[in-house]
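There are 2 protein chains.
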Amino acid sequence: MTAALPATEPTAHAERARRGGRAGKRAGGAAAFDQPVFRQLRNPLKPTPFISEDELEHIHLASLRVLKEIGVDVLHEEARRIMKAHGADVRDGTERVRFDADMILELIAHAPSEFTLHARNPAHNVQLGGDNIIFSQMASAPNCSDTDRGRRAGNQADFRNLVRLGQMHNILHVTGGYPVEPVDIHPAVRHLECLRDFVLLTDKAFHAYSLGRERNLDGIEIARIGRGVPMEQFVREPSLLTIINTNSPLKLDIPMMEGIIQMASHGQVVIVTPFTLAGAMAPVTVAGALVQQNAEALAGIAFAQMVKQGAPVGYGGFTSNVDMKSGAPAFGTPEYMKAQLVGGQLARRYKIPYRTSNVCAANSVDAQAAYESVFSLWGCMQGGGNFIKHAAGWLEGGLTCSYEKTILDIDLLQMVAEFLTPLDLSEAALAVDAIRDVGPGGHFFGTQHTQDRYKTAFYQPVISDWRNYETWAEHGAPTAVEKANRIWKDRLASYEEPYIDPATRDELNAFVERRIAEGGAPTDF
Amino acid sequence: MTAALPATEPTAHAERARRGGRAGKRAGGAAAFDQPVFRQLRNPLKPTPFISEDELEHIHLASLRVLKEIGVDVLHEEARRIMKAHGADVRDGTERVRFDADMILELIAHAPSEFTLHARNPAHNVQLGGDNIIFSQMASAPNCSDTDRGRRAGNQADFRNLVRLGQMHNILHVTGGYPVEPVDIHPAVRHLECLRDFVLLTDKAFHAYSLGRERNLDGIEIARIGRGVPMEQFVREPSLLTIINTNSPLKLDIPMMEGIIQMASHGQVVIVTPFTLAGAMAPVTVAGALVQQNAEALAGIAFAQMVKQGAPVGYGGFTSNVDMKSGAPAFGTPEYMKAQLVGGQLARRYKIPYRTSNVCAANSVDAQAAYESVFSLWGCMQGGGNFIKHAAGWLEGGLTCSYEKTILDIDLLQMVAEFLTPLDLSEAALAVDAIRDVGPGGHFFGTQHTQDRYKTAFYQPVISDWRNYETWAEHGAPTAVEKANRIWKDRLASYEEPYIDPATRDELNAFVERRIAEGGAPTDF
Chain Y
15 MTAALPATEP TAHAERARRG GRAGKRAGGA AAFDQPVFRQ LRNPLKPTPF ISEDELEHIH
75 LASLRVLKEI GVDVLHEEAR RIMKAHGADV RDGTERVRFD ADMILELIAH APSEFTLHAR
135 NPAHNVQLGG DNIIFSQMAS APNCSDTDRG RRAGNQADFR NLVRLGQMHN ILHVTGGYPV
195 EPVDIHPAVR HLECLRDFVL LTDKAFHAYS LGRERNLDGI EIARIGRGVP MEQFVREPSL
255 LTIINTNSPL KLDIPMMEGI IQMASHGQVV IVTPFTLAGA MAPVTVAGAL VQQNAEALAG
315 IAFAQMVKQG APVGYGGFTS NVDMKSGAPA FGTPEYMKAQ LVGGQLARRY KIPYRTSNVC
375 AANSVDAQAA YESVFSLWGC MQGGGNFIKH AAGWLEGGLT CSYEKTILDI DLLQMVAEFL
435 TPLDLSEAAL AVDAIRDVGP GGHFFGTQHT QDRYKTAFYQ PVISDWRNYE TWAEHGAPTA
495 VEKANRIWKD RLASYEEPYI DPATRDELNA FVERRIAEGG APTDF
Chain P
15 MTAALPATEP TAHAERARRG GRAGKRAGGA AAFDQPVFRQ LRNPLKPTPF ISEDELEHIH
75 LASLRVLKEI GVDVLHEEAR RIMKAHGADV RDGTERVRFD ADMILELIAH APSEFTLHAR
135 NPAHNVQLGG DNIIFSQMAS APNCSDTDRG RRAGNQADFR NLVRLGQMHN ILHVTGGYPV
195 EPVDIHPAVR HLECLRDFVL LTDKAFHAYS LGRERNLDGI EIARIGRGVP MEQFVREPSL
255 LTIINTNSPL KLDIPMMEGI IQMASHGQVV IVTPFTLAGA MAPVTVAGAL VQQNAEALAG
315 IAFAQMVKQG APVGYGGFTS NVDMKSGAPA FGTPEYMKAQ LVGGQLARRY KIPYRTSNVC
375 AANSVDAQAA YESVFSLWGC MQGGGNFIKH AAGWLEGGLT CSYEKTILDI DLLQMVAEFL
435 TPLDLSEAAL AVDAIRDVGP GGHFFGTQHT QDRYKTAFYQ PVISDWRNYE TWAEHGAPTA
495 VEKANRIWKD RLASYEEPYI DPATRDELNA FVERRIAEGG APTDF
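From first to last, the protein sequence lines stand for chains Y and P. Residue numbering for the first sequence is 15 to 539, as defined by the numbering used here. Residue numbering for the second sequence is 15 to 539, as defined by the numbering used here.
It cannot be assumed that every hint is accurate.
Remember, identical chains collapse to one label, so a pair may be satisfied in a single copy or spanning two.
Once the Cα atoms are required to be at most 25 Å apart in a straight line, the calculated PhoX-like pairs of lysine-lysine come out as [as the list claims (entries may be wrong)]: (1) Lys-469 - Lys-339; (2) Lys-322 - Lys-82; (3) Lys-60 - Lys-365; (4) Lys-265 - Lys-82; (5) Lys-60 - Lys-265; (6) Lys-265 - Lys-503; (7) Lys-82 - Lys-98.
What the hints contain is simulated information worked out from the structure, not anything from laboratory work.
Throw the hints in and build the complete structure from the sequences for me.
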């Protein structure tokens, strides 16, 4: 079994963190409380195939039939021209594009199977693909909530606080989009303010929405400025990522294609994720929804490779089911888990990094939120997920980012990371001598073997209350969500901005202010 | 991938269930509400090795060193005599017994790798071992609780209600012991009342505690009467099970050895489960705790084979960690999951059915209870568990059986079972024609492909609330535990006793009344 990589913090950085105090706090407050070090997670457990190789081939071939016989509607004219130039069947006067299997397979073979995602703090660089795991904070919620103030529309103050929580917690490797949509900022300039915040409030890699050419180009320039590298270096070093959701079924719209064109041509990461809810935008059978997911993902990924051979991409799976009574999406269900495992098999078949998600349909941070999320994480891990989106904060099928759920999920993710850390199987750990010393009927609590190890022997949970019932009841019988509420407030209070070079900050501010003065980006999306 | 077996309900039984009404209700009320049919579950996914074959061998060899160099204290004189007769190193005047590796391996090789556990209703027979899964209701809680009446000491009324819930739910295959200890029944006769209830209130296989010779023999006779078979048939057909918890570290007490002697000699099932909490009764390292678990399990299983070659046994793992601040046991932790996966590897190495558990440390049915339980179930399934004890109801590290947790767990187990049900990958399920009919930009909701399947396409959850936030809030924002509370009351109200042959009932009552009149069993355990 492969060992997880050790912490990648450079010594000076780690020293600062250990020392705590002002310098330690400069690491974004990550040293203000006990938590596992930032590290590149790896999954030492082989992903589990849910279906046989033959069955996988049936799905693969059915997807290729969809692409050849039915095709996809591509609303973006330049994209159709690029596709035609690469041999796709594009007929004048229609938006329908059909693809030959050989063409698709030749194109996607250029996609790298593993690459580095660069952060402005190199200690926060992470690997995408292989057996690497990246946890990305929740993104794109229209609302946020906490148990003190309830549920409310997204706004800049909450956006910033949630981004800060993402920065502070080592288990979150990437800021995966706006944790909550700050609707109090005008849409023309919202991306500029938010992307600036990503650079200033965090030093981890981040995400830009594909909502038209200008926003992608602004994102690319802001990420480049943040990293302090020239463009020719930036295009060789993936540092920014975007999610491309197809308009299922089988439609690729203008902002999405524009996103692929700008991001891929600049060497940045495009994760193509069809939104295939079985019974709504995809067939009611999980197999059929997977056929459609795969067709749409292959079309988007192939297009990225047309734009730039070798462009870094991800294969995204988001197939779940809906409540057939109401049409509401369901998450963390058995059907979702099956789709997660088969999605992983498909991504690995094409040797492309696999994106999946930690999601739930619960409306509050109760048992349902927890079991749906752990079922999702189970599917993520047993399915061999590389990029786990919405890893912390997701509630209500994505309509709310919860402060308490953020902390709860951080605990869940830390537990998953600990589960995936190999066992010490040294002679001393096998403990035959300790067992001999204690002997039948003895107790290990006070032994030297225990004393030498007890402080670090086990994962220390953030939320779990292990007190006995009587002590717990005497202290007011707090539930998990109450503890999570206290913790996010305590932790947020210790946040400080991570260090940034003053020249970088000036360049960033100058760019953002100029673009705001220019009016930002069109709002007709 | 292996298909799950279809429902094993004989046609007449299934017909009754479908018809509902009086006859349907006679099936223990299982037909009073919608639920998946009773079926033999199988795990089509290969268990995941957590450590390499070489590493597994290190644990195996270290355990054999423990058994040879340190040995175990055996408090039961006849057991020591039996061990000596089989070649163990037993010295006069001491309780210490040491075992050679070859002797242990030769003995455990006689244990069957798979066998049938017989219920008094043959439709409820289940297979133990191989890739089969059995879910067994929670057992042995001193307290029970529900959100209406709070937490209270176990009593007969709650014992019976919880047993009824176990009977009614098809996902629970076995009654695994007293869900709650009915302390209002005198200990001398408690086992007689409870075992009679197991026969009358359920028609599934059940468990008898190993608390002295008389209780085991009473359990065997009551199970035999319930099945209505002669003893020579009963000893060939495992129908009753017992859990043997070693007194970790390395001690085998009198009731436990007596239990092995009586149960194994009568061909009934002995599941040997060391209670090895790392840092307390076992080394603080997970590897060391596993070495000790394995040594103790092998000693108990080998002893069962000395009593009767080929006696049906299970390999139990219960290794978890403790809170090193308080000594409180922790469950559903990353360390527990690791131990679950390695425990499964050890059991499979010896080709013995593997018992593991659905446990948590939470004090209420909140997010913690849910995530610890799903982590446990994840470890159970990825670890290849065959007999999942405490599958529904467990709270507070086993100190309470909760009515709401029982319902929540039933939902979790049903979801796990659905996750493990193979995908339909037929041409119709792959749905290329349905995708063609809908075309880009369409919707699948009203199509024939959807209409033909939507009623049974997806698992219908018991607890999960999939309404949108506004509707959910208008209806009082119920949490999962509130819904669970309503459901157990609704369901319990529809319970009816399963059919029993009047002659069997008479024989059972006559036996129990005679044994009660005789004073039951000694209470000096």
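Status of Lys-503 relative to Lys-265 across identical chains (alpha carbons, at most 25 Å): neither (43 Å within a copy, 48 Å between copies)
Identical-chain pair category, Lys-60 with Lys-365, by Cα at 25 Å: both (15 Å within a copy, 22 Å between copies)
Within, between, both or neither: Lys-82, Lys-98 at alpha-carbon 25 Å: within (14 Å within a copy, 75 Å between copies)
25 Å Cα threshold - placement of Lys-82 relative to Lys-322: Close inside one copy (23 Å), not across copies (65 Å); limit 25 Å.
Identical-chain pair category, Lys-60 with Lys-265, by Cα at 25 Å: neither (34 Å within a copy, 37 Å between copies)
Homo-oligomer pair classification [Lys-82, Lys-265; C-alpha up to 25 Å]: within (14 Å within a copy, 69 Å between copies)
Intra- versus inter-subunit Cα pairing at 25 Å for Lys-469 with Lys-339: Answer is between: at 9 Å across copies they meet the 25 Å cutoff, but 51 Å inside does not.
In summary, the numbered hints that this structure violates are 5 and 6.
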